[in-house]
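Could you slot chain B onto chain A? The hints should help.
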Amino acid sequence: MVFTNSENVWVELAPTSEQMEYNFKTRPTDLQRKIYFRLEELGHLPYRPQQPNGWSDLQEDWISPELLIRRLIFAKGIAFSMKRTEDHLQSVIEKNFDNHDKIMKRIKVQDEKIFGFNAFGNKFSIIANSPEMLKV
Amino acid sequence: MNCTRRNFLIGGSASVFLTGINFSSKALGKDKKNLIIISLRGGMDGLTAIPVIGDKNLMKQRKKLIIEDTLKLNSDFALHPKLHTFHDLWQNNQAAFVHATSIPYTGRSHFDGQNLMESGGKVPYQEKTGWLGRGMMVANYVGEGLALALPMPLLLRGVPLNDNYYPAKGGLPSNIVIKSLSSAYKESGEMNLQMVMDIIQKRPLSMTTPGKGARNHRSLAKEAAKLLRVEEGPSVAVFDLDGFDTHAAQGNDDGLHADHLKEINDIVEELRENLGDSFNNTLILTLTEFGRTIRQNGGNGTEHGWGGAILMAGGLIKTPQVFTDWPGLKKGDLFEGRDLLSTIDARAIYNSAMAICFNVDPEKLRQEVFWGEDLQDLSEKLFKI
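Residue numbers (this note's numbering), protein chains in the order written: chain A, 17 to 152; chain B, -6 to 378.
Next comes chain B alone, as it looks inside the complex:
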């Protein structure tokens, strides 16, 4: 390969990354903390996941979508029955929720919304990296990311050497192919490709020879937990769930939205079982582009809204609570007369969560990840310090 400035920069940056590994806070001997983000694409309905108890406005506008068999959280809020693992964890001080929150995006497009929930910015497609990736870069968490998705989510971009796993149907080609290509990449100076090859070679057998059903959420969560609980394994994981966009037949206790809530519950259940003691040092957060409208539509579904909820679980939760600055559901209290108002910028929660898990000053993250935007530090209120 010719030595051009471009190639020089690629090679140079690779060596910077390599030295960076030595300085990550994990290597300094601190307890390993895991941060797990579950992306909920399509817009999760916060009022289905965490309904308000006895709100007349909600009852009136959502006759077909009222959840009967709720699990009570406190005097104001209850939990959807399919999220029963969260209820167990709530009783063990390991789950909490943030309600009436969203990213600042108030448009109604999935494309723009999903891009912004991952990039953390305000202008769609402006940022080419994700807030989690940038946060990991600030904390020097190089080679610590794992996405249980294909392709690599934008959320994790911004830090090199992330792993992703979403099992293929065929088996890997024979070892000679891996070895031969690995040396070919090295010869051509393609350091990034060679490092990817290294990650592939280090994979445990269970990942290279996946059995039937390896792509379902439970199997993926089990595989992720195996890696996360090891000291040398990754400390950040991202799950990708789809299908929360229920414009018709949303259902209540059972139904479309309930089925997808169950997927979140399954993932958390598997993580809790398989992480073992590491669960005490873990934080699981959900991420969605927007909530859904208060009023049900003609097809017993809901449209794109704004305010929603964040589900949180793990041993790093400070206290079981529904953290909210509740705006109310009267006509005048709604955003544009139709959506739950978002009173807390969701990015403030993610910023605080990264600060706790990466052992970095939240102010530094706010400046470097979110361009110094006005995000309050919620780490003391929500998480164990």
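In isolation and in its complexed conformation, chain A is listed as follows:
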């Protein structure tokens, strides 16, 4: 199994043009560095692995409890600032996956209360870490 590496995540989280206005005279603002901080917490800071041959995308090198935990927390966190709705999520999954029913079923439950506070974050965490998503 090959895993989505952090460079891909970074591209997908491309900041808005406003955020990208660097002036090269002062340090990037914290808002501009937000993605950097988040990816650092993900444990996979792009272009900064310990070794110069880059992050591996192979399962053997990747799979470990802490990295999975970081992905769970990461997904929950970005869901908060994505300002998207569940309907949007549904349409994205439907357009991209053959087995979209199976994926969406994981967050369709009778009692919405079990998702608790930040329900969308928890749902997004499930979707983003589904086996279909982790694999390339």
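In short, the hints are calculated from the structure, not lab data.
Hints are all accurate, no fakes.
When the alpha-carbon atoms are kept at most 20 Å apart in a straight line, the in silico SDA-like pairs for lysine to any residue are as follows:
{"hint": "1", "chain 1": "A", "residue 1": "K124", "chain 2": "B", "residue 2": "S176"}
{"hint": "2", "chain 1": "B", "residue 1": "K121", "chain 2": "A", "residue 2": "D77"}
{"hint": "3", "chain 1": "A", "residue 1": "K118", "chain 2": "B", "residue 2": "Q187"}
{"hint": "4", "chain 1": "B", "residue 1": "K53", "chain 2": "B", "residue 2": "R288"}
{"hint": "5", "chain 1": "B", "residue 1": "K162", "chain 2": "A", "residue 2": "E57"}
{"hint": "6", "chain 1": "B", "residue 1": "K215", "chain 2": "B", "residue 2": "L278"}
{"hint": "7", "chain 1": "A", "residue 1": "K129", "chain 2": "B", "residue 2": "I169"}
{"hint": "8", "chain 1": "B", "residue 1": "K179", "chain 2": "A", "residue 2": "N115"}
{"hint": "9", "chain 1": "B", "residue 1": "K121", "chain 2": "A", "residue 2": "D73"}
{"hint": "10", "chain 1": "B", "residue 1": "K179", "chain 2": "A", "residue 2": "Q75"}
{"hint": "11", "chain 1": "B", "residue 1": "K162", "chain 2": "A", "residue 2": "G93"}
{"hint": "12", "chain 1": "B", "residue 1": "K172", "chain 2": "A", "residue 2": "L84"}
{"hint": "13", "chain 1": "A", "residue 1": "K129", "chain 2": "B", "residue 2": "I171"}
{"hint": "14", "chain 1": "A", "residue 1": "K121", "chain 2": "B", "residue 2": "S181"}
{"hint": "15", "chain 1": "A", "residue 1": "K151", "chain 2": "B", "residue 2": "M188"}
{"hint": "16", "chain 1": "A", "residue 1": "K121", "chain 2": "B", "residue 2": "N168"}
{"hint": "17", "chain 1": "A", "residue 1": "K121", "chain 2": "B", "residue 2": "S175"}
{"hint": "18", "chain 1": "B", "residue 1": "K179", "chain 2": "A", "residue 2": "L84"}
{"hint": "19", "chain 1": "A", "residue 1": "K118", "chain 2": "B", "residue 2": "K172"}
{"hint": "20", "chain 1": "A", "residue 1": "K151", "chain 2": "B", "residue 2": "Q187"}
{"hint": "21", "chain 1": "A", "residue 1": "K151", "chain 2": "B", "residue 2": "G182"}
{"hint": "22", "chain 1": "A", "residue 1": "K121", "chain 2": "B", "residue 2": "K172"}
Chain B only, in chain A's frame:
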């Protein structure tokens, strides 16, 4: 998921691992022994940690780096004052040192060196597993590894189901997320992911809700000790320390290198306090890619060298000693005229340590972990059998 050969092999190997758990020597009722490795990235200076007493060559070449307030070990060697826990343990027959030792790598690159200190090989990036992981696989120590680091160090790869812990800043998502994903992985036949999820679910509360400062070395060591002292817990732990690469302002009694030595000391101190009686069945070893040059440079630091030292602690130490075949520090005795010569292959010590802790024949480990390379068996000389 489609049934391809690849998926079949993944599923098949997972079931092999599961049966393997039943046959680990721990399950057979032997006393649980812990092996703890502290990786020191950047190249620890053996001559700062364990200076030679009264060596004129050292005095002459390292005027600004001579340590004044040393703790005396024997007539030849002393200990850096920041390593005082090792000195306490030395007096209780629970610490020993190996000097003038290194892995066979004689280049000067951190990247290559760190890769080789973990893989145990001779060609950088050739091996995709670590010597510790391979050793654990030989001993059937499946699910026994714990890394206090992110990402999983190469050192532990080669054996499945290792745990790693380096607390995240946010809290885990709610339980429903864990449960839902766990069953999704099971459904899709992703056994490895599901087993990782199982490890996460079994974590004690103190690990899932870490407080402030949970990432400092003392807290990590405390958390590791809690798990290591339990019979069902892991028996192998790996710490990762960085910053030993002191090219400038290395310092002597205090300073950059001293600060990092203190981190090692802190870890050992916490482990000793929190392991309790298990400390008597524990072996702690340090691992670094190379030592540093004898001569100080213009910035009062040192460059990448070769020979260094291994610090050892724990109840499985045979006798307090500085185990060395000392090559001397005269110009002609140095490696390439600049570094302490390594007279003992460090891998021989790690091989012997694994043999003691895993209850495996050292010859078997030498063949299967280190490809039968010429490594002497030091278990009788260094460790309690």
